[in-house]
Every structure is written in C-alpha cells, then in structure tokens.
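S.K.: For reference, the chains in residue letters:
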Amino acid sequence: MNRFILVGIVLLTLVFIQSCSPASSEGTPSVSPAAYIENKGSDTIVNLALAWAEKYQSEHPEVRMSVTGGGSGTGIASLINGTVDIANSSRKIKEEEIKEAKSKGIDPVEFVVARDAIAVIVNPENPVSQLTLKQISNIYSGKYSNWTEVGGEDRPIVRLSRETNSGTHVYFLETVLRLGSKEDKTLFSMDTLLLPSSEVIIAELRQNPNAMGYDGLGYVPKDLKVIAVAKEEGGPYVLPSIATVNDKSYPIARDLYMYTNGEPTGVVKEYLDWILSPEAQEIVAQLGFVPASPTPNPSP
Amino acid sequence: MEKSLSWREFAITRLIKASGYSAILFVVLIFFFLVREGFPTFGEVGASSLLSIRWYPIEDYFGILPLITGSLIVTIGAGLIAVPFGIGTAIYISEIAPRWMREILKPLVELLGGLPSVVLGFLGFLVLSPFLRAFLNLPTGLTALTGSLLLGGIAVPTVVSVAEDALDAVPRAYREGAWALGATRWQTIWRVTLPAARSGVLTAIMLGVGRAIGETMTVMMVTGNAPVLALKLGSLFSPVRTMTATIAAEMGEVASGSVHYHVLFFIGMLLFLISLGVNIAASSVVFRAKKRAERILS
Chain A
1 MNRFILVGIV LLTLVFIQSC SPASSEGTPS VSPAAYIENK GSDTIVNLAL
51 AWAEKYQSEH PEVRMSVTGG GSGTGIASLI NGTVDIANSS RKIKEEEIKE
101 AKSKGIDPVE FVVARDAIAV IVNPENPVSQ LTLKQISNIY SGKYSNWTEV
151 GGEDRPIVRL SRETNSGTHV YFLETVLRLG SKEDKTLFSM DTLLLPSSEV
201 IIAELRQNPN AMGYDGLGYV PKDLKVIAVA KEEGGPYVLP SIATVNDKSY
251 PIARDLYMYT NGEPTGVVKE YLDWILSPEA QEIVAQLGFV PASPTPNPSP
Chain B
1001 MEKSLSWREF AITRLIKASG YSAILFVVLI FFFLVREGFP TFGEVGASSL
1051 LSIRWYPIED YFGILPLITG SLIVTIGAGL IAVPFGIGTA IYISEIAPRW
1101 MREILKPLVE LLGGLPSVVL GFLGFLVLSP FLRAFLNLPT GLTALTGSLL
1151 LGGIAVPTVV SVAEDALDAV PRAYREGAWA LGATRWQTIW RVTLPAARSG
1201 VLTAIMLGVG RAIGETMTVM MVTGNAPVLA LKLGSLFSPV RTMTATIAAE
1251 MGEVASGSVH YHVLFFIGML LFLISLGVNI AASSVVFRAK KRAERILS
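Order-wise, the sequence lines are chains A and B. Residue numbers are given in our numbering: position 56 of the first sequence equals residue 56, and the series is strictly consecutive. Offset between the second sequence (1-based) and our numbering: plus 1000.
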C-alpha cells in the first residue's frame, strides 16, 4: 500500500517537473515569456476576468496573467499606484480618483467590457410580479413593510441585501433606493438582512415567501421569481435579459469596466481587443452577464 | 556528569518558564496592537456617533450599540442553552452513566466539538432557520434565536468536556462519605460533587461562553446581520448583527488606515475587553471559593 503511494508521489512529481520546465526545447522560442499582465479589482467581475484570462492564456501561452479580486476601489487604487496593468471596476471611476491619478502621472482610460443587470427576486409563491423603482425604493427604505402595500398577500416583507462592502449593494443604493439622485440621502431600512453571499440570499428566498432580494442576473437560479421593473408608474414593466439590458429598457443595469494607464499598447492592447471580440464576449453571456453592446467603448 | 545534569535542568526549566511567559507576552502584544489600531477611533468618531443606533459604515454611520447588544443577546441565549445542557451531560457521563455508555458518549461529544463551525452554519441556514420560521411563524428564520441555538450547540462540547474532567477529579471518598450519611444520589451530586468541582465547572462555563461570543462564521450565516438594537425579549426572534460578524464581513474590503478600519479594530478591542472581563469575574469567584475552602479545612 505504502509503496503504491510512494510510486504515485514520484510519478506526480515527475509530471509536475515536466510541466513546470519551460517549453524551451520545443514550443515557442521566438516569443519572450516576459509578457505579463496584472489584473485586479471588482469581485463582481473576478469570475469573468478569470474565465477570460484562462481562455486567453490557453491560446497565447507566451502571456502570463494574474487575476485577483478585492473590490472595485482596490483595483482602481492599485492602478493609481502603478501596480497593475488593468483595473476591473463595477462602477465608473470617480472624479477624485481621476484627479489623484493625474497627480501621480497616471491617465486612466476606460473600457466597457460587459454589462450586468441586477434582478429583483422573490419566492415563487409570491403573487407580486411587477414593481416600479419607486416601490422597490420604498420597500428597501422601510416605508412599506407589508406585501399588501404593493398588491401582494398579507405578509411582512423581509428585505435581503448583500453586505455593504459589495459593489452591488452600493449600486443598488444609488440607483434604486435613491433613484439616481445625488442629494437623496435615503438609507436601507435598519432591519434589512445583510447576508454574506449570494448563496445565502438565494437559499433564504427559496424557502421564505416573505423575502425579497436582489442579485446579479447571472446568479439567479431558474426556480426563483424575477420581478418585472418599471422606471415610472404605468410605464412598461420589463424583465431583465440580454435584450432589455442592451436596449436600455431594463432600468437596473450597469456597465462593467476595465481601466488601463493611458491608451494600452502591446500585449495589454491585444488582450483588451480580444476581450471585446465576439469570441470573448460569448464567455460573458455564458457566465450570465450581458455582452457589451455591439459598439463598445463609447468614448465621450 | 553532575554538572551536565544541572545544566540540562537549568535549560529545561528556563524553556518551560519561557513558554509560560510567552502566553502573557502574546496577549499583551495583541492587546497593544488592537489599541494602536483602534484608539484613533476616539479622535475620528465622536462619542455621540459611536453611541448612536445606526451602523452603516459606507455612509459614515458608526453606531456600535446595535452590534454590542446583538452580540450580547446571542451569547446570553447560547449560554442559557449550553450551560444547563452541558453540565447536565457532564453529570450524566461522570456520575450516572454505566462505564460502557461513558466510553461511547465522551468521544462522541468531543467529536461534536470538532465539527467546523461553517458546517454548522450551513445546517443552520438550510435546516434550522426554515424550521424555526415555519414553527414559530416568524417573518424570517434568520434570527438571534437561530444563532443562539447553534452557538449553544457549539459551546456544549466544550462545557461537557471540561466539566466532566472536573467532576471526575473529585475524590471518590467524598461521594462515599455522602452516601454513608444517607444522602441520595441526587443529593450527593448537587450538594457534594458539584460544589467540590466548582472551580472546574466554572472554567467550563467560561470557556463555553468565550467560545460562543467569539464564534464568527456560524452567526454570520444565520443571524441575518441586520444592525438593529436588541433590547427587548422579542429581539431574540428578529435578526441581529454581532460584533464578530461585522468584523469578519467588513474587514476584507476596508481601506487600511481609514476611519472604518479604526472602528473595526475598536470593536475588536471591545470584544477583547468583554472576554477579559468574563475571565476575571470567573477566576475571582474561583479564587474566593478556594480561599474559603482553605480556611475551612485548616
């Protein structure tokens, strides 16, 4: 028994050494392996960025990539400090961040690499199937606390949300609770449940007919009910999908960004060009995000 | 020969001494670190803000009262479950159960103590919380009570294990003496064995409560994490946010050196002080009891 394990370890080690040794003997001696892309930022994008990096590296073995999360703010801060080549962000870069970058000689250039719809979800037993943004805002801010107030059954509303460090949480606060107004200081109702992961939110929604939650469209399983949302009362109620995000009729959708220092050159440019290609955008749809609209990079 | 032995003796004693002192050193270092990172809070956040009832750090609301009450209500609930169950189990294992039963029970309880708390958290939010919601007809099953029940479960093995050792260490002569005086089995346990093992049993409770107040993953998954002030008994049936869950959930993304970062360390400092307080209170009780025992015996 022991001997088998030993043989196994030796074999594994051999395979490992084999795979580790650079492909100098065969492979591609012409390309220098020095091409290295450091990619960091938003946790929303990290899975997508990893999928892209994996695919790209399998096609371009000369390029090495490192992809890490940490949040949109972390990514942009790293770009400003000059430690990454590409920063991922699920929000637009802020004015102060641009100023800080300029003072350090960094010139952030923006790319819209994908889009993401945030779905408002409830338990399938809940008869409510459409809400306006205002109604959702009133529910989350605590003005409404019973489903009858929005045309549902006589049940208390249990509000579910991601933790405050999530970019999705901040986006939802700004776009839905405050209806996009900067002066509005509405906050989440204090008894909003702040749950640590999408899985816990989904599990609670699945078994609790009182609950209401929100999450990226890509994370919503088929057995939960997605609410159709209208911008204004009487307006068309729209379900989130790739089509409704692209024609801007679904109101809770955002762009996902990558930022580089100055117009990208060399490998970074090749990589970003590839990301906007149909091949890479197909991965976007597979992961439940919305591909960037056919005319990407709307430079202002 | 003689010399080398005494030299070895010297080295070993010093080594043991050093490892003993190292515990103190580590605690002091940790506390120093917490104070260094948490102390700026006083300058950056006013007392009125700290003592407000709104915790929403991304908009600079740093009211920590909901977090403190949240931790307390969950811990007290867990204590109320873990102490009677734990000591009851310890008494059964040590005093009542036949030998073979004891040999099965004790390892099983210790196995329960080895369960990772994440696993219990999963069970909690997939099984216990839906059950509680339906059974008690609550708006949601992610409540302080769910956290208390699970934390109680986590603390029970600690309490049982330590308390059972303490009961086991009570000399057999004590029990025999009680029986000889005509005491029933229950009277012997309640009036003789348990008081004799008091210091060990108190340590068991302390460790159990300490385990409960410091537990993070489980409470983060099942208590709902809503920072609501929990002062009434009814708060047990609504969501709460504990200090540990707050630190765990927010520390990962906070910018180092920011106000929020300092406040999180401040919360850590409070947690440290609370468990220090519990420790001091319990050991002073044990100490007083010992002194009295010495007086009586002398």
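Among the clues, some could well be false.
[To be verified] Now the in silico label distances, taken between C-beta atoms and shown as ranges:
1) A:G105 to B:G1257: 39 to 47 Å
2) A:K185 to B:P1040: 25 to 33 Å
3) A:P221 to B:V1028: 22 to 30 Å
4) A:E232 to B:G1214: 43 to 51 Å
5) A:P221 to B:L1136: 38 to 46 Å
6) A:G266 to B:V1028: 50 to 58 Å
7) B:G1114 to A:S197: 43 to 51 Å
8) B:G1257 to A:G266: 45 to 53 Å
9) A:Y237 to B:I1076: 44 to 52 Å
10) B:F1039 to A:R64: 55 to 63 Å
11) A:K99 to B:P1040: 19 to 27 Å
12) B:V1028 to A:N47: 41 to 49 Å
13) B:W1190 to A:E199: 45 to 53 Å
14) A:A51 to B:T1013: 53 to 61 Å
Derived from the structure by calculation, the hints contain no laboratory data. Glycine included, C-beta positions come from ideal geometry on N, C-alpha and C.
S.K.: The structure should be examined with respect to each hint, and the outcome stated for every one.
M.R.: Hint by hint, here is what the structure shows:
Taken as a hint, the range 39 to 47 Å is violated for the pair G105 (chain A) and G1257 (chain B), whose Cβ atoms sit roughly 23 Å apart. The given range of 25 to 33 Å is respected by K185 (chain A) and P1040 (chain B), whose C-beta atoms sit roughly 26 Å from each other. Between P221 (chain A) and V1028 (chain B) the beta carbons are some 50 Å apart, a value that contradicts the proposed interval 22 to 30 Å. The supplied range of 43 to 51 Å is met by E232 (chain A) and G1214 (chain B), whose beta-carbon atoms lie about 50 Å from each other.
For P221 (chain A) and L1136 (chain B), the hinted distance range of 38 to 46 Å is not satisfied, since their beta carbons lie about 27 Å from each other. A hinted range of 50 to 58 Å for the beta carbons of G266 (chain A) and V1028 (chain B) is consistent with their spacing of about 53 Å. About 25 Å separates the C-beta atoms of G1114 (chain B) and S197 (chain A), a value inconsistent with the hinted range of 43 to 51 Å. A hinted range of 45 to 53 Å is violated for the C-beta pair G1257 (chain B) and G266 (chain A), which are about 35 Å apart.
Range check, Y237 (chain A) to I1076 (chain B): Cβ separation about 47 Å, and the 44 to 52 Å hint holds. For F1039 (chain B) and R64 (chain A), the Cβ-Cβ distance of about 43 Å falls outside the hinted range of 55 to 63 Å, so the restraint is violated. Separated by about 26 Å at the C-beta atoms, K99 (chain A) and P1040 (chain B) satisfy the suggested range of 19 to 27 Å. Checked against the hint of 41 to 49 Å, the C-beta distance between V1028 (chain B) and N47 (chain A) comes to roughly 43 Å, which is consistent with it.
Judged by the Cβ atoms, the range 45 to 53 Å given for W1190 (chain B) and E199 (chain A) holds: they are separated by roughly 47 Å. Between A51 (chain A) and T1013 (chain B) the C-beta distance comes to about 60 Å, which sits within the given range of 53 to 61 Å.
Checked against the numbered hints listed earlier, the structure breaks hints 1, 3, 5, 7, 8 and 10; every other hint is satisfied.
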